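Asker: Please model the complete structure; the sequences and the hints are all you need to start from.
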Amino acid sequence: MAAVAEARSKGGWRDTFEQRRFLAPLLISPAVLYILLLVGAPLVLAVYLSLTDATAGSLSGHFVGLHNYADVWHSENFRRALRNTIFFTVVSQAIVLVGASILAHQLVKPFRGRWFLRFLVVLPWAAPVALGTIGWLWIFESTLSVANWSLVHLQTGVLGHLGLHLIDPLDPPQWLGRPNLAMASLIMVHTWRILPFATVIFIAGLASIPAEVDDAARVDAATGLRKFWYVTLPLQLPIALVALLFGIVFTATDITVVYILTNGGPFNQTQMLPMWAFQTGIRSGSLGEGAAISLYLLPILVVVSIVMLWFARRAEVT
Amino acid sequence: MSASARSSIVSWIIVGPFAIILAFPFYWMLMTSLKTNGDLYDVNHDPFVFNAAPAAPNESQPLKGHGWLPLGAENITTHNYGFIFHEPGIHYVRWLENTALVGGVVVLITLALALPAGYALARLSGRWGQSAGVGIFLVYLVPPTLLFLPLSRVVAELGLQDRLLSLILVYPSFTVPFSTWLLMGFFKTIPAELEDAALVDGASRLKALARIVFPISLPGILTVVIFSFSLCVNEFIYAVTFISTSDARTVSTGVPLELIRGDVYFWQSLMAATLIPAIPLALLYNLFLDRFIAGFTGGAFR
Numbered sequence: 022m023a024a025v026a027e028a029r030s031k032g033g034w035r036d037t038f039e040q041r042r043f044l045a046p047l048l049i050s051p052a053v054l055y056i057l058l059l060v061g062a063p064l065v066l067a068v069y070l071s072l073t074d075a076t077a078g079s080l081s082g083h084f085v086g087l088h089n090y091a092d093v094w095h096s097e098n099f100r101r102a103l104r105n106t107i108f109f110t111v112v113s114q115a116i117v118l119v120g121a122s123i124l125a126h127q128l129v130k131p132f133r134g135r136w137f138l139r140f141l142v143v144l145p146w147a148a149p150v151a152l153g154t155i156g157w158l159w160i161f162e163s164t165l166s167v168a169n170w171s172l173v174h175l176q177t178g179v180l181g182h183l184g185l186h187l188i189d190p191l192d193p194p195q196w197l198g199r200p201n202l203a204m205a206s207l208i209m210v211h212t213w214r215i216l217p218f219a220t221v222i223f224i225a226g227l228a229s230i231p232a233e234v235d236d237a238a239r240v241d242a243a244t245g246l247r248k249f250w251y252v253t254l255p256l257q258l259p260i261a262l263v264a265l266l267f268g269i270v271f272t273a274t275d276i277t278v279v280y281i282l283t284n285g286g287p288f289n290q291t292q293m294l295p296m297w298a299f300q301t302g303i304r305s306g307s308l309g310e311g312a313a314i315s316l317y318l319l320p321i322l323v324v325v326s327i328v329m330l331w332f333a334r335r336a337e338v339t
Numbered sequence: 004m005s006a007s008a009r010s011s012i013v014s015w016i017i018v019g020p021f022a023i024i025l026a027f028p029f030y031w032m033l034m035t036s037l038k039t040n041g042d043l044y045d046v047n048h049d050p051f052v053f054n055a056a057p058a059a060p061n062e063s064q065p066l067k068g069h070g071w072l073p074l075g076a077e078n079i080t081t082h083n084y085g086f087i088f089h090e091p092g093i094h095y096v097r098w099l100e101n102t103a104l105v106g107g108v109v110v111l112i113t114l115a116l117a118l119p120a121g122y123a124l125a126r127l128s129g130r131w132g133q134s135a136g137v138g139i140f141l142v143y144l145v146p147p148t149l150l151f152l153p154l155s156r157v158v159a160e161l162g163l164q165d166r167l168l169s170l171i172l173v174y175p176s177f178t179v180p181f182s183t184w185l186l187m188g189f190f191k192t193i194p195a196e197l198e199d200a201a202l203v204d205g206a207s208r209l210k211a212l213a214r215i216v217f218p219i220s221l222p223g224i225l226t227v228v229i230f231s232f233s234l235c236v237n238e239f240i241y242a243v244t245f246i247s248t249s250d251a252r253t254v255s256t257g258v259p260l261e262l263i264r265g266d267v268y269f270w271q272s273l274m275a276a277t278l279i280p281a282i283p284l285a286l287l288y289n290l291f292l293d294r295f296i297a298g299f300t301g302g303a304f305r
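These protein sequence lines are chains A and B, in that order. Each residue of the first sequence is one higher than the last, beginning at 22 in our numbering. Each residue of the second sequence is one higher than the last, beginning at 4 in our numbering.
Because the hints were derived from the structure by calculation, they are not lab data. Computed from a prediction, not measured in an experiment: that's the story for all the values here. C-beta: ideal position from N, C-alpha, C; glycine also. Misleading hints may appear alongside valid ones.
Only part of the chain A face toward chain B is listed, based on derived beta-carbon distances under 10 Å [said to hold, decoys possible]: (1) Leu47; (2) Leu64; (3) Leu72; (4) Val143; (5) Thr177; (6) Ala232; (7) Val234; (8) Ala238; (9) Pro295.
Here are the in silico distance ranges between beta carbons for each label pair [claimed, not checked]: (10) B/Trp71 x A/Leu185: 32 to 42 Å; (11) B/Ser10 x A/Ser163: 40 to 50 Å; (12) B/Ser10 x A/Gly286: 44 to 54 Å.
Answerer: As structure tokens, this is what we get:
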């Protein structure tokens, strides 16, 4: 290191430039400035807008205090959107966690054809989400739905003989036309979308567990569930929590899937907070109210992030 | 049967059903995109094969007469792919071009900002670099859902509506934090001794960066290029909010908003239009997935 210091002490402005305390900020600041300008400033602007009666026509509204927040809170659609968003996020992420654990456990070890299976598993995450969702729109189509065709034929072919008659072939389920089914469809599509991402992150977590740990567990005769509970799980927890954090944020704030699949319908029954903010702020032009709706998400996301990262850090230390 | 073959079979039995469900929509898009109208819209047809049906004069069937093909593949038509490229009033090619342009320029801006920042965070800034890195990472978690309303006003004030420039300026707000994080992870894996050796030889820090660090990290940089580009192709809400003219759309908004008109669905063309960008992107994605994992976890969560 002495040689390095000597090589550097050639003097002049270059010397100053080379010093860490100048060079590091110089390299970092363009990125930080860009982010402050395009994330920080709009976030502040969103808070400002939510406190005014601004409309799509102009930025300058009158200051109305917390009026928008109160107004929005008392709307039936908002409350339903909030309930839906929480329900949809919790259920889809629960399924994702279970599915990703199972998949990652298999895909982390080498076996014949693993690359091919992983390719198929990762597809929903690799393809643009808006386009994948159009595929589902077609699968759930009202008269030509392949899901219904398969269910009807499964029923006449197999289930009917067992005395199971789940659906009426002449009036099959309207996946996107009935509130509960539409909600189930949204959860399904989002699970489909996030599961590959969570699986990939889980694989990374499993792969980073050193082989010595496995050996030690074997010496202590820890196998199966015991090994999973006392060895694998604690070691995998930090990264699993990060995957979950991403999953929650991406799901709770997603607008693409609901926009394309149901547009909040039928009759606002599958409304979500981001969709409702878009409807209010852009389509109806009530910028202030729209901003207030989306900002209701912020405290939820902040709390979730802090809790997750706190747990991740704790799990890392112990 | 050997133990390894047995465990292979178990893996296939467990992963197989998941793989089928996860990949099914893409298989279904492919099937649908090759069907004639007469085949698709007959509810008595088995949708899992290509059925013989009277084809319209413009629905060319290049495999007709090859009855030995499985799934009735002699009845496929390639018309739907031609439709999205040649039908007047459908700007599909334009959307692809727009997407490539926006993605390409955004990737360049991203590299210009994230390469120096990622390197500095990995190497130069010591302990607080770790916290700054996590800070930048957290910015990635600030969703567009919170920002699209205020940004829509800013875009309008600047007169950028319906112009791709609005997307080019806004997209780095999510690609830069994400890429800085990944690059930080990659740079950490390069031993500092390599640069120190160059510094001893009298090279400046920036020269060492350009001559030694960046060439070694090329695979990592390519990973960042692929994933940033795909984030741009994926983006939906900004593109919906800022752009409302058909010929300025990107592929993610053009296909769902312009090819679906009221109750009229051109399902086969719709499916063709979604497959064309999805397949190459998915292949690239998988190719760079291992490096992505290394970068994502190499940052701090170890």
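Asker: Against each hint, give a clear statement of whether it holds in the structure.
Answerer: Structure-based check of all given hints:
| no. | hint | result |
| --- | --- | --- |
| 1 | Leu47 | holds, 8 Å |
| 2 | Leu64 | holds, 6 Å |
| 3 | Leu72 | violated, 12 Å |
| 4 | Val143 | holds, 6 Å |
| 5 | Thr177 | violated, 13 Å |
| 6 | Ala232 | violated, 16 Å |
| 7 | Val234 | violated, 14 Å |
| 8 | Ala238 | violated, 18 Å |
| 9 | Pro295 | holds, 4 Å |
| 10 | B/Trp71 x A/Leu185: 32 to 42 Å | holds, 38 Å |
| 11 | B/Ser10 x A/Ser163: 40 to 50 Å | holds, 44 Å |
| 12 | B/Ser10 x A/Gly286: 44 to 54 Å | holds, 47 Å |
Of the hints listed earlier, those the structure fails to meet are numbers 3, 5, 6, 7 and 8, in rising order.
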